[in-house]
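> So the chains spell out like this:
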Amino acid sequence: MFNVFIWLIAGIILTIIGTLGTCWGPGVKDPVVRTLNTEVASVGVSLILLCYNHTLALLTMIATSVICTLILLRAISRLEEMGADV
Amino acid sequence: MPVVPPYVPFEYINMYLPVIYTGLIIGFFSLMAIAMEKRDIHILILTDLVGFAMILIVASVGTDLAESFILPGLVVELAEILAISEILISREMRKIQSKDMNKSLSPMDMTYDMEILTTAPNFIALVLLAFGVFLTGFTGGAVAGGGILLYIFSRKTRGLPVVEIEGISGISGLGWCMWIIGFCIFFLMPQYWLLSLFLAAGGLMLKVATKMGIIGILMREEYGKK
Chain A
911 MFNVFIWLIA
921 GIILTIIGTL
931 GTCWGPGVKD
941 PVVRTLNTEV
951 ASVGVSLILL
961 CYNHTLALLT
971 MIATSVICTL
981 ILLRAISRLE
991 EMGADV
Chain B
520 MPVVPPYVPF
530 EYINMYLPVI
540 YTGLIIGFFS
550 LMAIAMEKRD
560 IHILILTDLV
570 GFAMILIVAS
580 VGTDLAESFI
590 LPGLVVELAE
600 ILAISEILIS
610 REMRKIQSKD
620 MNKSLSPMDM
630 TYDMEILTTA
640 PNFIALVLLA
650 FGVFLTGFTG
660 GAVAGGGILL
670 YIFSRKTRGL
680 PVVEIEGISG
690 ISGLGWCMWI
700 IGFCIFFLMP
710 QYWLLSLFLA
720 AGGLMLKVAT
730 KMGIIGILMR
740 EEYGKK
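Quick mapping for you: the protein sequence lines, in order, are chains A and B. Reading the first sequence from the start, the letters are residues 911 to 996 in the working numbering. Reading the second sequence from the start, the letters are residues 520 to 745 in the working numbering.
No wet-lab data here; the hints were simulated from the structure. Possibly wrong hints are sitting among the right ones.
[Said to hold, decoys possible] With a cut-off of at most 27 Å between alpha-carbon atoms, the simulated DSSO-like pairs for lysine-lysine come out as follows: (1) Lys614/B to Lys939/A; (2) Lys557/B to Lys939/A; (3) Lys614/B to Lys557/B; (4) Lys618/B to Lys939/A; (5) Lys557/B to Lys622/B; (6) Lys618/B to Lys557/B.
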């Protein structure tokens, strides 16, 4: 039998490390690095939702986190193109 | 003695404390980072993390109701990030234009030549659309919308007729009407519950798919420029 708690703890560790990486991690002066670091935290949250058997929430989470990254990257590249201070 | 409903499985009760503490820790860290950060775009990225904290706190309960509360939370967060990023871009445009009137604000030209964007999109979009229609509901809408997004994004022609954008908004409104009719039928004539369920699921799918299609048009306008 497999133990659900291994996956839960893996999800918790990934979420916290991703959050710390996004807040104060290396290279977060660059907004692109910061956006990509949020993906680590989102994978951790997905693992936790998987442990809870929240299928619909998990699928929606995957879809919205991808779209969020797209929107943020578009905003960042537009701002950099215009020469704004990012 | 905490009150736990009898239908919550035993494993979920054990998961409650670690997950809710994770949510609180993430919320604390990300709010502190927001307080320390000065630039707007970084604050927008960090709000994404506050959303995760919210999801974890709701999910820690482990009931079906909690799962259904996660979905609107995610969608509202997405809409919020989209709206605020648009506001940020237009504000920066105004700031730059007030300094130098002649500076060009239109996006840079970008030419990409990828095999997958010329041959595959028709097939992938079709498969995604079919799978989305099969799934229905919010998830199906997201999958079908991904197909529309990919298709629109890979077409090179610039500019979409206004009629088409208005048509997409019209379909979105139609989906909304279907959802409301399904909701009313569910309460007025409960014996037709299957019909109302499918009306609501189809309406939600149309709504989400057209919304994602509009995001695709938005991005194509800026990156697909020739």
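> Is it true that the CA of Lys557/B sits at most 27 Å from the CA of Lys622/B?
26 Å, holds
> Lys618/B and Lys557/B were given as a pair; does the straight-line alpha-carbon distance stay at or below 27 Å?
22 Å, holds
> Assess, step by step, whether the Cα of Lys618/B is no farther than 27 Å from the Cα of Lys939/A, and give holds or violated.
26 Å, holds
> What's the verdict on Lys614/B and Lys939/A, does the C-alpha distance respect the 27 Å limit or exceed it?
22 Å, holds
> Check whether the Cα positions of Lys614/B and Lys557/B lie no farther apart than 27 Å.
17 Å, holds
> Within 27 Å, alpha carbon to alpha carbon, are Lys557/B and Lys939/A?
With Cα atoms ~11 Å apart, Lys557/B and Lys939/A stay inside 27 Å; holds.
In summary, this structure violates none of the numbered hints.
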